[in-house]
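Chemist: Go by the hints and put chain L onto chain X.
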Amino acid sequence: MANVASTTASAGTEVTARALREAVFAGLITLGLFVLFVGLETDQNIRNELVLRQRWGLLAVFVAVATVGRFLIVAYVQPWLAQRKAARVAAPDIAKRESFFSRNFAKIAIVALVLYPPVILALVGVQGSLKWVDNFGIQILIYVMLAWGLNIVVGLAGLLDLGYVAFYAVGAYSYALLSSYFGLSFWVLLPIAGILAALWGVILGFPVLRLRGDYLAIVTLAFGEIIRLVLINWTEVTKGTFGVSGIAKATLFGIKFDASKDGFAALFGLPMSSAYYKIFLFYLILALALLTAFVTIRLRRMPIGRAWEALREDEIACRSLGINTTMTKLTAFATGAMFGGIAGSFFAVRQGFVSPESFVFLESAVILAIVVLGGMGSLTGIAIAAVVMVGGTEILRELTFLKVIFGPTFTPELYRMLIFGLAMVVVMVWKPRGFVGSREPTAFLHERKAISGSFTKEGHG
Amino acid sequence: MALETTTMTNDPILKVEHLSMRFGGLMAINDFSFEAARGEITALIGPNGAGKTTVFNCITGFYKPTMGMITMRQRSGGEFLLERLPDFEIAKRAKVARTFQNIRMFSGLTVLENLLVAQHNKLMLASGFTILGLLGFPAYRQASKESIEVAKHWLEMASLIDRADDPAGDLPYGAQRRLEIARAMCTGPELLCLDEPAAGLNPRESLALNDLLQTIRGETGTSILLIEHDMSVVMEISDHVVVLEYGQKISDGNPDYVKNDPKVIAAYLGVEDEEVEEVIEEIEEIESEQGGMTQ
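Protein chains in written order, with the working numbering: chain X, 1 to 461; chain L, 1001 to 1295.
So that you can see chain X by itself, here it is in the shape it has in the complex (with noise of 0.2 Å):
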């Protein structure tokens, strides 16, 4: 026994030993590695001449941080971390009952978000409302929308599409352009900038469909930088770069959300605010990615929606079948750009705007990433990722206390990419195929199994 205890000790001290020189380590690398990039600062003076400034308080905070961080890793995560794993593998896992929330997660997230504006209202008061209904919960929906829309393409089908911002671009113009030339009202345009975006889907489908993998993402990529060119230079009907503006806004059942007389704030004697127009347009955005999901859901359970998931499994296979894979993969392309022209014709009416600016291609690039990082085919990653990733850079804004670490010209917003990358890498190293990696079968004989992401491939063309 008192062996047992002073081999314990000794591993102990030994740890804090190791832990002790890896922290110096740590400190000393990053000292030499920021001595140049944070120690000191080059900036202009009045005169437009080149001064260094010294920042060694900075610098010390940074070789602080690697220093402790190091030290706390190696004496205490670690050991943590091995000894979770030890109890890992001598305890196999027992067969886990999920839990209510896990099972019920769908359910319990629509009623949230049913009852987030009345709760954001009821806490911090109509003006109050404004940032979080609509910098948050508006613009993150757009992005699930959007997300579950490409994840029929990516997703189920195996399609690499870097162009999926067009669609969006598509279906925004559709609204802007009809709406101001030919006024016709929102609930009409919504379905038709859906059809307008799918025809573009078909039309860019079918030269391209024919190629695979690699070199079908860059023509996506391509068609996706046309659309926007087209809109910056067509200038006698788009405006070319200044975009179209003042585009109607959308009324609900007829009532205009302005202050007019018959105005919805007037006619249910509320106070005018734009708020109210915001929570109409939560709804609607939130009853659009309702629709997305259950359609994507329906379609999972048809035969074309599991030729889509044979097709990213097994081309050849698909076609020794007797399935149209050409006919395939177009619906596929023609349902994910639906699903993005009507988001897109959704932006430009909360927008009030839209410039071809909206649609580079780094949107198509977060929209891609959401998909990867939620777990391509799965609707409930994705909505989480959108989360995390949208959720995450507007959330940068409000972290006012970094401007007291870094200083007062800090501003968290500009470093969104560098963070969005560093989470993008930190996820794909702990769950390489996303939050939900398991695929749910669309129908069972004795049993409702999910099935392993590692079982289930990308797709590759």
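Some hints could be false.
What the hints assert, rightly or not - Here are the in silico distance ranges between beta carbons for each label pair:
| id | chain 1 | residue 1 | chain 2 | residue 2 | range |
| --- | --- | --- | --- | --- | --- |
| 1 | L | 1152 | X | 294 | 25 to 31 Å |
| 2 | L | 1017 | X | 206 | 54 to 60 Å |
| 3 | X | 241 | L | 1064 | 45 to 51 Å |
| 4 | L | 1069 | X | 210 | 23 to 29 Å |
| 5 | L | 1024 | X | 210 | 53 to 59 Å |
| 6 | L | 1153 | X | 351 | 55 to 61 Å |
| 7 | X | 294 | L | 1215 | 40 to 46 Å |
| 8 | X | 203 | L | 1232 | 38 to 44 Å |
| 9 | X | 85 | L | 1137 | 49 to 55 Å |
| 10 | L | 1049 | X | 22 | 56 to 62 Å |
| 11 | X | 181 | L | 1069 | 57 to 63 Å |
For the record, the hints were derived by calculation from the structure and aren't laboratory data.
Bear in mind the structure is a predicted one, so any value in this text is a computation, not a measurement.
Backbone N, C-alpha and C fix where the C-beta goes; we use that ideal spot for every residue, glycine too.
Modeler: Coordinates of chain L only, in the frame set by chain X:
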């Protein structure tokens, strides 16, 4: 020309005439003709690289032949020129199903889903090309139930019913082979083309495969065309054997005839004893000549 006349059946399901396939300068198949009789198991054998899989790919539309005609005659009398149909139409309309030498499963789909994908065209019609199904019309629900029954039947035949809800990629090799056959059968074919179904199977599994193929033929009357290396399978179950070497037919007949055909023995099963001696003599001659030259 004696070869041509050995087996001329009066009701061929598949007629391959003067089939040639050229890849650049390589003549993979050269003027190859044969017939597969309805309701029979026809085996296509030959040494490695003889062009067997190429013939299969031509029949199932994955290659377009350089020359020749492939006629499929259905029970109902419908005739299809397979060299003119795109690959998916061959499975859909001409009712020719196939399996692959290196198994092609939908590994991330369950075993059951694999069989449902195979019934795509039937279900597509029942769901009104998705639109009626999406709106929840009962016709699709009915068809969906029926398709599960069909899948269940073939799962029982392939003794995979216990693994119906497991991912196909999780099955052992032999079971994947059986699943691929069951999946092909779910398309409701009249001709089933199997590319080396017994490859990689142990003797017990190979025996079970023989039984499965016999049952398929017995129950559904499906004609079977198979490529095989395993002679025990070929001689046991096939009614008719066609031997291919360097893209040309060298023998055609029933298993006994083919087994004793000297050309087949020379090409496929090994060179006969006298010929071995001849070859050794030739080699010795060449060596002595070379020795003379160096001196």
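Chemist: Out of the numbered hints, which ones does the structure contradict?
Modeler: Hint check: 2, 5 and 8 fail, others pass.
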